[in-house]
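Asks: As you go down the protein sequences, you meet chains A and B in turn.
Just so we're aligned: 214 in my numbering is position 214 of the first sequence, and the numbers increase by one with no gaps anywhere.
Just so we're aligned: 1146 in my numbering is position 146 of the second sequence, and the numbers increase by one with no gaps anywhere.
Be aware that one or more of the hints could be misleading.
Calculated pairs, DSBU-like style, for lysine-lysine (alpha carbon to alpha carbon, straight line, at most 35 angstroms) [said to hold, decoys possible]: (1) B:K1198 to A:K87; (2) A:K330 to A:K349; (3) A:K275 to A:K340; (4) A:K222 to A:K116; (5) B:K1059 to A:K59; (6) A:K275 to A:K357.
Computed footprint of chain B on chain A; a stretch qualifies when at least three of its residues, placed anywhere within it, have a C-beta under 8 angstroms from a C-beta of chain B [unchecked claim]: (7) 74-80; (8) 92-103.
Rather than coming from a laboratory, the hints here were simulated on the basis of the structure.
Positions of the beta carbon are idealized from the N, C-alpha and C atoms, including for glycine.
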Amino acid sequence: MALIEVINLNQRYGEQDILSNINLSIERGEVFALIGPTGAGKTTLLRLIDLIDEPASGKIYFDGMDTATSAAVRLDMRRRMAFVLQKPVVFNLSVYDNIACALRWRGMRGSRLREKVNHIIDGVGLSDYHDRNARNLSGGEVQRVAIARAIALEPEVLLLDEPTANLDPLSAARIEELISSIIKSYAATIIMATHDLSQGQRLADRIGVLMNGELLQAGSSKDVFTSPRNKEVAEFVGVENIIDGVIGSSEDNVVTIESGGRSIEAISDYASGEKVCACIRPEDITLALSRISSSARNSFEGEISWLVSMGPLARVELQCGFPLVAMVTKRSAEEMGLSKGKKVFATFKATGVHVIKRN
Amino acid sequence: MVELWHGLIKAIELIVTLDPEVIQIAGLSLRIAITSSLLASVVCLPVASLIYFNRFRGKRFFISLIQTFYSVPTVAIGLFVFVFISRAGPLGWLGLLFSPTAIVIGQMLLVTPILLGLTISALSGVDRALIDTARSLGASRFQTALVTLREARFAVMAAAIMAFGRAISEVGISLMVGGNIRGFTRVITTAISLETSKGDLELSIALGIILISIALIVNIILNRVQQR
Chain A
1 MALIEVINLN QRYGEQDILS NINLSIERGE VFALIGPTGA GKTTLLRLID
51 LIDEPASGKI YFDGMDTATS AAVRLDMRRR MAFVLQKPVV FNLSVYDNIA
101 CALRWRGMRG SRLREKVNHI IDGVGLSDYH DRNARNLSGG EVQRVAIARA
151 IALEPEVLLL DEPTANLDPL SAARIEELIS SIIKSYAATI IMATHDLSQG
201 QRLADRIGVL MNGELLQAGS SKDVFTSPRN KEVAEFVGVE NIIDGVIGSS
251 EDNVVTIESG GRSIEAISDY ASGEKVCACI RPEDITLALS RISSSARNSF
301 EGEISWLVSM GPLARVELQC GFPLVAMVTK RSAEEMGLSK GKKVFATFKA
351 TGVHVIKRN
Chain B
1001 MVELWHGLIK AIELIVTLDP EVIQIAGLSL RIAITSSLLA SVVCLPVASL
1051 IYFNRFRGKR FFISLIQTFY SVPTVAIGLF VFVFISRAGP LGWLGLLFSP
1101 TAIVIGQMLL VTPILLGLTI SALSGVDRAL IDTARSLGAS RFQTALVTLR
1151 EARFAVMAAA IMAFGRAISE VGISLMVGGN IRGFTRVITT AISLETSKGD
1201 LELSIALGII LISIALIVNI ILNRVQQR
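Make the full structure from the sequences, and use the hints.
Replies: As structure tokens, then:
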């Protein structure tokens, strides 16, 4: 049984729908990343899961129990979770007392409390700030206190809302390192909201894409990034080549997609006449100066319209009836003498094309 | 003018020599005002928290009503308490009329709106995210209220000091339900009023200086607290 089960969940603020018909289940011990742009409803969903707010409609089951129950039972459930807010607020107390307070609320006192808090403070690298007022710490340190305060509770579910947003790159990297170590050393179920796709990919077992209050796709990061369910998800997860077209022919699940006077071959079960998008990852495209003979079903001649260096890679934009972006190593680009206006052949496999239906 | 100077010098003499009557009146005033503002705080802090943390119909109107009573005339409160504790009143059997307890009750009623209103304002000033943080860390409603009050402690203390200032400077309640009985219910404000009417400016000025000094000290503390 899933630890958290969200069924047909809706949330409204005034006249505005914030979440629509969310269905989601989170298994015990799973690290789940909710990704989506700012304002997608990620925080709202985390607040509902943490039982801080009540939904307009729908159900949330925690460990098999309906959370729409008395305040006392909800408090007991909430005490099995910990939530680190996007902009963490620390109490106007020392770092020690900030971490100790929630344990005191649970009745922990004396040497047990002291040992536990000191252990956590050491664990998150805040030993030098033990007695300092938490309000006088930097953003990264405050985030560290907030995370320490949450993990001190040994929650069954740890909710993290944009844990590295508003931090400088160095602090963000340290916090991510801390989260990574928490994942390894605690058996907690973690649900984190982030708009940083690569962070979600690095840390999570499973990813859910939330956009405009709707959970558009949930699955392994490979699924979400290579097989986005629709155009919005494809655009959000950074698929650079999304080519609109219409299915021309279909035979044994091999289809041709007509776009810009060209036919792209792909594997799909859509019928002819269906409006679709062909998604091709730039790293799946091979560039050559002449047409190459290979098993790849798609090879198009095009003209380079833009070329830019990105560290060890070169991003090449082509126009071959439809725009196409390819990624090659900088060295290859130099050896091939790639430059703006040069004609090249772009080759990619039919299996490298992910086809999604257009609305 | 000469008479005023003479009165001022005599007043300072009364203060410096710790004149027993001046000390007794000032001490009683302080005791009554501190007691009433402390007792009212004990009652008002939880009540203000209840009002702030609960949603109910007419809440805004209720808070506006509380704020309206900040400037309630002291004689109106005096009259209200008098009606209740006078011998013919519903609480007449308690025999509280013309006692320090009666003044304390009156002053508690006087400062209640100030304490309620300013404590609600103080709680409203606490970052909403802090309340969410407390709840997300598993604080019960009571623990959340305590955390919020602790965060707002300086503003709440300022409210209590304001209440004390209002209590010690009022005259209507002390006069009406205290009776201005020498050595028993005579406080600074009622003494000034009586002595001035009798022409004893020296004692009035001495008590006036003490009252202003108390007000000054209260203001200094208030400023310090609000700056934190």
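Asks: Are the hints correct? Go through all of them and say.
Replies: Here's how the hints hold up against the structure:
no., hint, in the structure
1, B:K1198 to A:K87, "violated, 65 angstroms"
2, A:K330 to A:K349, "holds, 22 angstroms"
3, A:K275 to A:K340, "holds, 32 angstroms"
4, A:K222 to A:K116, "violated, 39 angstroms"
5, B:K1059 to A:K59, "holds, 30 angstroms"
6, A:K275 to A:K357, "holds, 6 angstroms"
7, 74-80, "holds (count 3)"
8, 92-103, "holds (count 3)"
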